[in-house]
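Per the working numbering, the very first residue in the sequence shown carries number 9; after that it's consecutive.
These are calculated hints, taken from the structure and not from any lab test. As the structure is a computational prediction, the values presented were derived from the model and not from experiment. Yeah, the Cβ is synthetic: ideal placement off N, Cα and C, and Gly gets one too. Wrong hints could be hidden among the right ones.
Using C-beta positions, here's what the derived DEER-type ranges look like [what the hints assert, rightly or not]:
1. E96 - M57: 26 to 32 Å
2. L83 - K123: 27 to 33 Å
3. P122 - W35: 14 to 20 Å
4. H38 - E94: 26 to 32 Å
5. T74 - H41: 23 to 29 Å
6. Q77 - D25: 31 to 37 Å
7. K123 - G46: 17 to 23 Å
8. P122 - R32: 34 to 40 Å
9. D25 - M57: 15 to 21 Å
10. P122 - T37: 23 to 29 Å
11. T74 - A28: 21 to 27 Å
12. G36 - Q87: 18 to 24 Å
13. P75 - Y31: 21 to 27 Å
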Amino acid sequence: MVSFCLSFIPQTGQQADKLAAVYRLPWGTHIKHLDLSGQKLTEIPCLSMYDIESLDLSHNDIQRLTPEQLRHLPLSLKQLNLSHNELEQYVDIYPYVNIEYQYGIKVADVSNNPKLSNIVPCYSRTNPHTQQLKREGTAGAAAPLHYDEVLGPQLAFQLGINLRTYGEK
Numbered sequence: 009m010v011s012f013c014l015s016f017i018p019q020t021g022q023q024a025d026k027l028a029a030v031y032r033l034p035w036g037t038h039i040k041h042l043d044l045s046g047q048k049l050t051e052i053p054c055l056s057m058y059d060i061e062s063l064d065l066s067h068n069d070i071q072r073l074t075p076e077q078l079r080h081l082p083l084s085l086k087q088l089n090l091s092h093n094e095l096e097q098y099v100d101i102y103p104y105v106n107i108e109y110q111y112g113i114k115v116a117d118v119s120n121n122p123k124l125s126n127i128v129p130c131y132s133r134t135n136p137h138t139q140q141l142k143r144e145g146t147a148g149a150a151a152p153l154h155y156d157e158v159l160g161p162q163l164a165f166q167l168g169i170n171l172r173t174y175g176e177k
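Construct the complete structure from the given sequences, taking the supplied hints into account.
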């Protein structure tokens with residue numbers, strides 16, 4: 009198993025296309041840290057074919073996290089940095105990622121996304137996986153952080169995109 013760190017790719021006159029460099033690697037390549045910051049990405053790229061531990065997608069133009077985009081994340085992912093993007097909507101990473109797909113994300117950083125207000129608590133005190141959600145500089149930074157503070161120890165649900173909560177009663 010070979011390990012690569014692509015955060016060192018030098019920039020020439022234009023921004024280096026780090027994603028193109030990744031796609032030239034063989035599937036299954038182990039990448040300890042992949043820095044795709046500042047690449048003007050508008051969505052999470054398909055990286056599920058690689059063994060990536062830490063993914064930096066900060067300083068891009070990502071506005072939404074959809075379940076389809078989250079499926080593009082590698083199973084080995086432990087750290088995900090989505091800070092300094094244009095996130096307006098947030099998919100609850102803990103139940104979607106850790107339960108349905110058994111990802112082991114321990115740290116998720118969504119800080120400095122000023123439009124982001126729909127932050128559903130990302131982990132439970134009883135969750136052995138996710139340990140930290142960084143969310144400073146977001147409109148939802150004051151929301152409760154643990155499911156246990158919101159719903160107690162029972163199963164928690166993502167309620168952020170529920171059409172019944174928008175006007176119709």
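Going down the list of hints, with the structure as the test:
Distance hint for E96 and M57: a CB-CB separation of about 28 Å, consistent with the stated range 26 to 32 Å. Taking the beta carbon of each, L83 and K123 are about 30 Å apart, inside 27 to 33 Å as hinted. Taking the beta carbon of each, P122 and W35 are about 37 Å apart, not inside 14 to 20 Å as hinted. In this structure, H38 and E94 meet the distance hint of 26 to 32 Å, their C-beta atoms being roughly 31 Å apart.
Take T74 and H41: their Cβ atoms lie about 25 Å apart, and the range 23 to 29 Å holds. The hinted range of 31 to 37 Å is not satisfied by Q77 and D25, whose Cβ atoms lie roughly 20 Å apart. Hint check: K123 to G46, Cβ distance near 19 Å, so the stated range 17 to 23 Å holds. In this structure, P122 and R32 meet the distance hint of 34 to 40 Å, their C-beta atoms being roughly 35 Å apart.
For the hinted restraint 15 to 21 Å between D25 and M57, the CB-CB distance of approximately 18 Å keeps it satisfied. A hinted range of 23 to 29 Å is violated for the C-beta pair P122 and T37, which are about 35 Å apart. Taking the beta carbon of each, T74 and A28 are about 23 Å apart, inside 21 to 27 Å as hinted. For the pair G36 and Q87, the supplied restraint of 18 to 24 Å holds, since their beta-carbon distance comes to about 20 Å.
The hinted range of 21 to 27 Å is satisfied by P75 and Y31, whose Cβ atoms lie roughly 23 Å apart.
The structure is inconsistent with the numbered hints 3, 6 and 10, although it conforms to all the rest.
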